[in-house]
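So the sequences go chain by chain: X and Z.
The first sequence runs 31 to 537 under this note's numbering.
The second sequence runs 31 to 537 under this note's numbering.
Please note: incorrect hints may appear among the correct ones.
[Unchecked claim] The calculated lysine-lysine pairs, modelled on BS3-like cross-linking and capped at a C-alpha distance of 30 Å, are:
1. X:K446 <-> Z:K121
2. X:K530 <-> X:K265
3. X:K426 <-> X:K510
4. X:K260 <-> Z:K426
5. X:K456 <-> Z:K530
6. X:K187 <-> Z:K39
7. Z:K426 <-> Z:K446
8. Z:K150 <-> X:K450
9. Z:K181 <-> X:K121
10. Z:K150 <-> X:K290
11. Z:K121 <-> Z:K150
12. Z:K290 <-> X:K450
Bear in mind the hints are in silico, worked out from the structure with no lab data behind them.
Residue strings, one per chain:
2 protein chains.
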Amino acid sequence: MKKDNQKEKDFISFLNESGLVWGPSPEIYGGLSGFYEYGPLGKLLKNKVERSIRNIFTSNGLMELECPTILPDEVWNASGHLNAFKNKLIKCSKCNAIFRVDKLIEEKTKIIAEGLPNDKLLDLISKNNISCPSCKGKLETSIDTQSLMMKTNVAGKEASLRPETATVTYLPYLRLYNYFRKKLPFGVFQIGKAYRNEISPRQSVLRGREFTQGEGQIFIDPKTKNNWEKYESIKDQMLPLWDYKSQKSNLDNTEIPKIKIDNALKKGILKSQAYAWCLWLAYTQFINFGIPEKKMRIRQHHPDEMAFYAEDAWDIEIKLNFYGWVEVCGIHDRTDYDLKQHSKFSGKELVAQREDGSKFTPHILEIAFGTDRPTYALIDIFYEKKEESSGKTTFKIPYKMAPIEVSVFPLIKNDKGILKLSEKVKEILENEFIIDYDSAGSIGRRYLRSSTAGTPFAVTIDGKSLIDNDVTIRDRDSEKQIRIKIPELSNILRSLLLEKISFKDFL
Amino acid sequence: MKKDNQKEKDFISFLNESGLVWGPSPEIYGGLSGFYEYGPLGKLLKNKVERSIRNIFTSNGLMELECPTILPDEVWNASGHLNAFKNKLIKCSKCNAIFRVDKLIEEKTKIIAEGLPNDKLLDLISKNNISCPSCKGKLETSIDTQSLMMKTNVAGKEASLRPETATVTYLPYLRLYNYFRKKLPFGVFQIGKAYRNEISPRQSVLRGREFTQGEGQIFIDPKTKNNWEKYESIKDQMLPLWDYKSQKSNLDNTEIPKIKIDNALKKGILKSQAYAWCLWLAYTQFINFGIPEKKMRIRQHHPDEMAFYAEDAWDIEIKLNFYGWVEVCGIHDRTDYDLKQHSKFSGKELVAQREDGSKFTPHILEIAFGTDRPTYALIDIFYEKKEESSGKTTFKIPYKMAPIEVSVFPLIKNDKGILKLSEKVKEILENEFIIDYDSAGSIGRRYLRSSTAGTPFAVTIDGKSLIDNDVTIRDRDSEKQIRIKIPELSNILRSLLLEKISFKDFL
């Protein structure tokens, strides 16, 4: 346990010193739990994650929106959040500390407790003899609730910060329906902030009170759920589906065999082609982030656990080194619940029309995830602290996801010719790549720093470059070097980063 | 006046129907002033603006951060916002309507009133016989204030949404100082949301209560202000500087001659090399957005108008078709004010050390702007509604800033061969370009839609393409067409969009 603590400390110091994540912020004022800063390296990585989301959604036909983060409370009343979006809390009868009861049970028993009714939760506390984690005192036998909504006031009007991007994506439905020329299905997505007043959040950006979501929302005619045009092209793909009937209480170390999507539908594990396509699209997002397949599984919600509006719900989970299996994405068939609620509360008709003239309320399939957890997962999975004896700390993030793509180093700082050529190389490369130009310190230290930042390639300009126009490219993982003509540099680096060619091809 | 109203109505209907900007949102609930949605086309455009900011800042050595949007009130107390960040209001004695007094004076007299003391404001109201814009009643003779801060509460702690990104960028100063290896100057920037509880905001996203900032902050040793390494490379550049002594009361239609930066310093119009470099960097941002030079000027603040912490302050202004000259960027020498305040309130030493061992509080130069106003400006400037008789509405945004870069059209919808080849072309192009694939409707209508969205090029796949592997590229502005082999398509479109070649070269 002590060793684990040391490992976690080392990891947090890596997060801090590499400029990845700082906080809780504002640190100089003592910090407020659940708020963090992304430093220069962390922000570059988060931008890569967001670019990856845009690419996958866009190439699958979804379009991006940006909607407000603050809405008047009549919206949150209609969506149900004001009444129902609450944490369940339990208090220690001895020290008065307050805990989220579902998380407490999950930590102690590995049983998924989110969404369970109060009597079941209290039953689990008592059966498993769970006591106060702070003082070991007896927990109270009643459950309290606290709203997760952060409230504000705009021009005298009660309003709340959005706790998710879903609702705000549904509100301009009529605008969207017109934009997409009154043809379903259409899909949109949002990448943006959301806010939840969680009780004592920990675990860095995995559980922030302010976090970035990246949600896709597909508006469909329910009649097409099993006549889904795009199903044909994905039905033979394999997914690691873990249906609720196969789930045992122990959540760790469960390996989930993959199953062909078409077979999952035939067996009744998945209910519709359209939903299956959404699962595939969500999984593709995480594959494209570079999360290794064996670190992922897709877990079905137990009927008890499912949100009241959802017809079916599965989560993508990632296995982290420090916190075990963590939910990173929920895929929900929300049916016509949301549009019907907002139609009722706003008095506006929110329907679509089929070619035969019949009107209906579209169903919504949702892919709900965020960018903080994938960013964090990439660091957790690819970071490795080595013992003093066995070499240096590494950050072997997949090349295409590296925050900085190319380092540019003039070998000697005090040679004007080398500096001038290095700046020329910098200017050529920065048009296309994310680069770090560094002229300070010994070349060995700069290579080490570059590799600890996960940067795949370091380009060094030396005295010989002035004569033959060659520069050195050094590969992060093999630590081998090759020499390349400057005019060829961009093309070769591009192909290397896209993994169209391998560094070995040059050796 | 009626004609102007019609023009503005046409413009707003263009914003809505093109999927650029919707609101105030949530529209179906009646809307809350100052909150807007970017539709699919608007969000693509805003993303381009944000990418442009990243490119310019990054290639000039600044690194991006992401800091919280909510901070505890002790921060806003230290920064002075809780006490001083207020709108000055005046009330109509007849109808009780409330107005922002500085904006009211500016609208009626064109005198810049922001920052003036109360007695001067009341003097201007009385001298210019300004009455209530709603009922023409007499305005009261006292000025009230209202805080611009949006308040919330996190875990029982008073907190506020940030009204700007500046303060939150300064708070991790010690982390930044370490990340940049204790060497000044260093620069960072943030692109993110900020919130202000403005009184009755109008003018679409130009004056939102929720808006996106894009601020650069340069931390410097004050001793280097006139020994600024990067000054040499920009001193011969020309800027349209309008110093406060040359400013007359009438703000419209003033053409500002450009002056060489070095001359402006020699004449004492600009105070320091470092500040001049920041002005140049800010101006470069707007040039890179594609704002025409003749629509821009850089206006110095009158000493009366300047924020109490600023040593020098200039604004970049853009001339819009609908609202005249609008401030889009402020460049401030904030001196050591911020770090000293936060040091005092947090009790932490926020200093840097010179090579000779002497310690000092860094000065901060700030480039404060946002992404909503440039996005809006690009639409306002390049949109042109034509009369029925003289052709169609155009949106001639510079090619490189176009929200969608390439449209891909199968000529005929019901030909499987054409559809298959079109999808192949789509897949090739979407790796690199922002494309719109559209197979519905007549080709003429699709060309029109594509050109109204500002899309520079439309690629059409027809029956002949199946035989010779050629496709048509149609140019938005000349409406001319050329035929190109599919394998050459990406290279040619890339060169056209970067304006390395011109469409005329092919004709």
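Verification of the supplied hints:
| no. | hint | result |
| --- | --- | --- |
| 1 | X:K446 <-> Z:K121 | 66 Å, violated |
| 2 | X:K530 <-> X:K265 | 27 Å, holds |
| 3 | X:K426 <-> X:K510 | 15 Å, holds |
| 4 | X:K260 <-> Z:K426 | 35 Å, violated |
| 5 | X:K456 <-> Z:K530 | 20 Å, holds |
| 6 | X:K187 <-> Z:K39 | 28 Å, holds |
| 7 | Z:K426 <-> Z:K446 | 34 Å, violated |
| 8 | Z:K150 <-> X:K450 | 55 Å, violated |
| 9 | Z:K181 <-> X:K121 | 28 Å, holds |
| 10 | Z:K150 <-> X:K290 | 75 Å, violated |
| 11 | Z:K121 <-> Z:K150 | 17 Å, holds |
| 12 | Z:K290 <-> X:K450 | 26 Å, holds |
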